[in-house]
Structure formats: structure tokens, C-alpha cells
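S.K.: So the sequence lines, in the order shown, correspond to chains A and B. Residue numbers for the first sequence follow this note's numbering, so the first one is 1 and each next one is one higher. Residue numbers for the second sequence follow this note's numbering, so the first one is 1 and each next one is one higher.
Among the hints, a few may not be true.
The list treats identical chains as interchangeable, and a pair is accepted whether it falls inside one copy or across any two copies.
What the hints assert, rightly or not - Within a straight-line C-alpha distance of at most 25 angstroms, the following computed DSS-like cross-link-like pairs (lysine-lysine) qualify:
1) K55 - K66
2) K208 - K66
3) K157 - K208
4) K137 - K47
5) K137 - K157
6) K208 - K154
The set of hints was computed from the structure by calculation and includes no laboratory data.
There are 2 protein chains.
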Amino acid sequence: MEYTVHVRMNEHLFLRDPDGSELGRKIVREGITLFGEIGLEETTFRKLADRMGTKEASIYRYFENKHRLLVYLVAWYWQWLEYQVVFQTNNLQSPHEKLDRILRLLIMDGVNVTAGNGADGVDLTTLHSLVIREASKAYLTRHVTEDNRQQLFKPYKDLCARIANIILEQQPTYPFARSLASTLIETAHYQAFFRQNLPSLTDFGTAKDETQLLEFLRHLLFSSLEKPVHPVKVV
Amino acid sequence: MEYTVHVRMNEHLFLRDPDGSELGRKIVREGITLFGEIGLEETTFRKLADRMGTKEASIYRYFENKHRLLVYLVAWYWQWLEYQVVFQTNNLQSPHEKLDRILRLLIMDGVNVTAGNGADGVDLTTLHSLVIREASKAYLTRHVTEDNRQQLFKPYKDLCARIANIILEQQPTYPFARSLASTLIETAHYQAFFRQNLPSLTDFGTAKDETQLLEFLRHLLFSSLEKPVHPVKVV
DNA sequence: AATTTACTGATAGTATAGCTATCATTCTTG
DNA sequence: CAAGAATGATAGCTATACTATCAGTAAATT
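All chains, please: the whole structure from these sequences, using the hints.
M.R.: So, in C-alpha cells, the structure goes:
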């Protein structure tokens with residue numbers, strides 16, 4: 001069966017909708033590979049334009065600057081991931097099983113990266129490694145608050161809220177569902193980064209895949225949900 | 001009692017030791033406040049020099065570039081924090097109590113920021129909020145591997161290893177001590193960031209202090225250490 | 001078929017960032 | 001007091017991060 005998942009993006013994420021033209025889609029596709037290859041800091045719109053055979057000015061018509069392009073790509077990733085969560089947990093009875101699926105999604109296990117998953121020919125593998133390295137730079141800025149006001153992080157918050165709800169299905173009395181959700185997302189990412197780049201910060205140095213990371217995330221999550229929470233002390 | 005904690009830094013972190021001159025110490029002090037005020041991206045050596053009443057070129061004699069200055073400040077913070085861990089857990093019997101102290105240190109609870117803790121007149125409060133927002137940018141780069149080879153992240157790894165060892169004191173069979181240690185450090189930071197800037201990613205939105213964050217970290221840590229780990233499946 | 005309109009290409013230009021070099025001056029230290 | 005080290009002052013160079021203008025072209029409208 002052929003199908004395409006189309007991700008509809010918030011209007012504040014761009015100046016002109018990159019999804020509405022061939023050039024725009026190319027900016028997104030090539031943006032992913034360039035960010036993936038040389039990283040946010042080294043990337044410039046000039047380099048991107050040269051590689052695409054277009055001009056700097058043309059890219060500026062779509063995105064205010066490279067930070068906004070990054071935010072766009074990261075937002076796209078969160079929306080794609082939330083769709084995957086919905087799709088893959090659909091019809092599952094047990095919240096425990098749902099959570100297990102989610103953890104596997106977070107490390108991109110069980111994702112068919114070659115299929116129609118990546119709409120518009122997006123390279124999901126590269127996007128994932130880009131997100132691991134660059135996603136937090138999207139919000140770790142002085143202008144988070146303004147960006148947040150423009151809903152730029154809504155996809156991240158939506159994903160987090162969805163995971164939090166499933167956590168509450170599993171354990172309705174757990175009081176830190178959202179923090180635990182965001183912790184799992186972030187932990188999945190930087191532990192993967194550490195494993196590859198600063199392995200002594202992890203216990204997965206010698207591992208060749210993410211199996212042990214998955215075990216760690218599982219243990220972290222389910223031990224939290226099983227242990228009763230002491231009443232919060234009033235200070 | 002008057003005393004000063006002196007933090008000795010790795011030589012690769014600078015071109016000329018900033019601790020060896022008044023100008024150098026001023027670069028560090030004012031660097032902290034400038035990074036704290038306007039963030040990494042907006043900071044330039046020109047602005048820093050202007051604010052200090054010195055010249056751009058003079059700063060370049062101490063630090064290769066602003067990224068290296070950031071790495072230096074962050075490394076300083078990790079070393080300072082490790083010292084605090086050693087100091088505050090010294091003579092404590094129970095590893096449980098040690099871990100509790102560590103968690104409080106991670107959120108800067110129980111630190112006397114006005115005393116001699118901040119060597120060289122370093123503003124610890126500003127440094128802490130700077131670390132929360134910028135520390136991960138120190139390693140989230142294309143050149144992590146080279147930087148790592150030069151031992152730039154050793155202070156972070158040392159702190160992480162120290163915490164991991166105390167985790168193992170508490171629970172010798174726990175197999176993810178280092179990952180849990182780095183997760184606690186990172187989580188303490190970005191949950192604090194989220195609480196202030198993207199509160200819907202946390203459960204502490206309305207809280208006026210870090211008490212609930214501390215509860216979350218405690219629960220995360222101790223539930224992990226209490227729950228037995230299933231044998232890791234061979235795939 | 002003619003004509004708006006929408007987009008892209010091509011070129012130019014400005015301000016600032018990021019860095020390097022030089023040399024005079026001051027400040028140490030033997 | 002001489003030698004060496006650190007800083008100040010100035011200059012300059014290349015790259016980045018944009019903005020502006022206008023011509024060409026393709027698509028949509030009448």
C-alpha cells in the first residue's frame with residue numbers, strides 16, 4: 001500500500017511555506033543533509049544555496065535565518081514522531097505496551113526509514129541524528145519566550161503531553177508525568193549522543209546498537225511508575 | 001574561617017592561563033556575566049572587550065574563540081561542583097544521604113553562593129544559570145571528538161564517574177550507573193530550564209522554587225536503584 | 001492571446017563577526 | 001636599569017548575515 005504522511009506546519013515557522021514549491025522542499029531536504037554533515041554552526045545559507053544550485057536570497061525568502069530553518073526541521077521531526085506514536089500505539093490495549101513502543105520510537109527502533117514515512121523524501125536517518133545533536137539548540141536561546149509565544153515549540157509540547165497521558169494511563173497517581181515524558185525524550189537523545197561521542201558518560205560504550213540504551217530507558221521509566229511517590233514535603 | 005577553593009584548569013582550555021593575571025581573571029568574571037546576560041550566540045569578544053575596557057585582541061591572547069571560553073567556564077563549573085560533592089559528602093555514612101546531597105547540589109540548593117565558594121569572585125548564581133542554558137552547546141558540536149581528545153570534558157566525566165561510584169555504593173548491582181549519573185545531571189539542568197521557559201514540559205510550572213524538581217529527581221533516582229534490573233536480552 | 005501575478009536568478013551592497021598582525025608602551029623581574 | 005612579558009592601539013582581511021533591486025520566466029487570470 002502506498003501512502004504519504006503529510007506534516008502540516010505552523011505558519012510562524014517560515015516566511016514562505018517551503019512545502020508549497022519544489023525549491024522550498026529542496027531547501028528542507030538539502031537543509032537536513034547539510035545540517036547533518038557539518039552541523040548548525042558551520043552551516044550558512046550561502047553553502048546551502050551553492051549546494052542546491054540556487055542563491056542565498058532565494059532561501060531567505062523561505063526562512064528568516066538558519067536558526068528558524070533548524071526550528072522548522074526539528075518541529076517537523078516532532079510532528080512526524082507524534083504521528084508515529086499515534087499510529088503505532090493505536091489499538092494497543094496495555095499502556096505498558098504503548099510506552100514500550102514509544103521508547104523504541106525515541107531511539108528510531110522499529111521505524112521503516114525507507115518507506116513513505118518520510119514525507120517529501122525526507123531522510124529520516126539523517127534527520128534523527130541531526131535532532132540528536134542540534135534539537136536542544138532550537139530552544140536553548142535568549143529568545144525562547146518569544147519563539148514559544150509564536151508556538152514554535154508546540155509540536156514538542158504536544159508530543160510530550162501525549163506521552164504524559166499514556167504515562168498517566170499506566171499510573172494515574174504518578175505526579176511527574178510531563179517531566180518524565182520530557183526527560184525520556186531528552187535522555188534518549190543525549191544518551192545516544194554520548195554513546196557515540198563521549199562514551200564514558202554512559203554504560204553503552206562497547207555496544208554496537210541501541211539495545212542497552214533501550215533497556216536503560218525502560219528501567220528508568222517503569223521503575224518510576226512502580227514506586228509510590230512520597231507526599232511532597234511542604235517547606 | 002576564611003579559605004579559597006582554587007580550581008586548577010587543564011592547559012588545553014586556554015591559550016594563556018586566565019588565572020595568572022588580573023586581566024585574565026576579569027575575562028572570566030565578565031565573561032560569565034556577559035554570557036549570562038545575552039547568551040552564547042549574541043556574545044562577541046568585541047562586546048566583552050568593550051564592557052571590560054580592554055581590546056578584542058587582548059582576549060584572543062587568552063582564548064582561541066568564544067566557544068573555548070564557554071568550554072572553559074563550563075569546565076570550571078564542573079570542577080567546582082565536583083569539589084562541592086567531595087566536600088559535602090565527606091564523612092557521610094550512607095550512600096543514600098550522599099546521593100541526596102548531590103541532587104541538592106545539582107539544583108544549587110544548599111550552596112552558600114556568597115561565601116568563598118566562588119573562587120576569584122566568580123558569580124555562582126549567574127554561572128549556574130549560564131550552565132543550564134549553554135553547557136550542552138559545549139559538547140554538541142561537530143568537533144566533540146577533537147575537543148574530547150584534548151580532555152576538555154574531563155571535568156564533566158570526572159563528576160559523572162564520581163556520582164556513578166556513589167550510585168554503585170548504594171546499589172552495587174545497578175548496571176547503568178554512569179548513564180544514570182549523566183541523566184541526573186542533564187535532567188537537573190534542562191528541567192530547570194523548562195520550568196522557567198517552557199513550563200508545560202514539566203510539572204513544576206506554578207512552583208516558585210526547585211523543591212518539586214528535587215522531588216522528581218529523588219524519585220527518579222531511588223526508584224531506579226530499588227527496582228531489580230531484568231537480565232539484558234541478547235538480540 | 002494578452003496580461004497580470006508570483007516566483008526565482010543574478011548582482012550588488014552593508015554591517016558585523018571573527019580573527020590576525022604589527023608596533024609602541026607599560027609593567028615586571030632579574 | 002636592561003630584558004622580557006603583557007597590554008593597548010590601530011589596522012586590516014575574510015566570512016557571515018543579511019537587504020535591496022531588477023530582470024527573466026513560468027503560471028494563472030481575464
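S.K.: How would you label the pair K137, K157 (within, between, both, or neither) given a Cα cut-off of 25 angstroms?
M.R.: both (16 angstroms within a copy, 22 angstroms between copies)
S.K.: At most 25 angstroms between C-alpha atoms: does K208 with K66 qualify within a copy, between copies, both, or neither?
M.R.: neither (33 angstroms within a copy, 35 angstroms between copies)
S.K.: How do K137 and K47 come out at 25 angstroms by Cα distance, when the copy is not named: within, between, both, or neither?
M.R.: both (20 angstroms within a copy, 22 angstroms between copies)
S.K.: Go through the copies and call it for K55 and K66: within, between, both or neither, with a Cα cutoff of 25 angstroms.
M.R.: Within one copy, since 14 angstroms is at most 25 angstroms while 30 angstroms is not.
S.K.: One pair to classify: K157 and K208, alpha carbons no more than 25 angstroms apart. Within, between, both, or neither?
M.R.: Answer is between; shortest inter-copy Cα gap is 21 angstroms, intra-copy 31 angstroms.
S.K.: Using 25 angstroms as the alpha carbon limit, work out where K208 and K154 are close: within a copy, between copies, both or neither.
M.R.: between (34 angstroms within a copy, 24 angstroms between copies)
Checked against the numbered hints given earlier, the structure breaks only hint 2 and satisfies all the rest.
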